[in-house]
Amino acid sequence: NAGVTQTPKFQVLKTGQSMTLQCAQDMNHNSMYWYRQDPGMGLRLIYYSASEGTTDKGEVPNGYNVSRLNKREFSLRLESAAPSQTSVYFCATNRQGANEKLFFGSGTQLSVL
Amino acid sequence: GENVEQHPSTLSVQEGDSAVIKCTYSDSASNYFPWYKQELGKRPQLIIDIRSNVGEKKDQRIAVTLNKTAKHFSLHITETQPEDSAVYFCAASTFGNEKLTFGTGTRLTIIP
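Protein sequence lines, in the order shown, are assigned to chains E and P.
Under this note's numbering, the first residue of the first sequence carries the number 1, and numbering increases by one thereafter.
Under this note's numbering, the first residue of the second sequence carries the number 1, and numbering increases by one thereafter.
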């Protein structure tokens, strides 16, 4: 029972390159989220998926796209990476909605040069 | 949208003393207020939460208080121990809303 699994753990990109961050959960949760964490700015919501087949923008969606592939998997794509996207990215899940405990993945440290 | 402010940004206390972290929120409709702890290099983990129909909640050495009129809530840690050293985040959301808004975090250091 792995919980929430994120890959990769570390990634270095050059400006303009693309990449996809993967998140998978085996908790049978409906809601999945992508956050970014920057020093002094807390955790900011990029995109979320309330259920399979639906996605919505969060606080900072520009420069990102997401796919809820099925109930288990929620991926985050950077089409053309920029230095401003250097951050730690966390996937999180819960049973349903923002009023319940979030379970976080271990994070992806991304550097864009 | 919701705005959550958190103070202080850093806090150092002697081992055994108490620590208090305060947060204010802007949306009077918010009704769920969790606190997450993030140890260095680790993922955030929920340590306690409170809903708007409750004024205070305790779990061993940690407690959270909520003042809906003033729109602020606080985390209290008593008898602090070295393992309490971490970054603590408050957050707020509204029932039925998928968006949980986090504060900017407090780095708590326990001095042995």
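Think of the hints as simulated: they come from the structure by calculation, not from any bench.
It is possible that some hints are incorrect.
[Stated by the list, open to error] Once the Cα atoms are required to be at most 30 Å apart in a straight line, the calculated DSSO-like pairs of lysine-lysine come out as:
| id | chain 1 | residue 1 | chain 2 | residue 2 |
| --- | --- | --- | --- | --- |
| 1 | P | Lys71 | P | Lys22 |
| 2 | E | Lys57 | P | Lys37 |
| 3 | E | Lys101 | P | Lys57 |
Since the structure is predicted, the reported quantities are computational estimates derived from the model, not experimental observations.
- Tell me, in ascending order, the numbers of any earlier hints that this structure violates. Of the numbered hints given earlier, the structure breaks none, since each of them holds.
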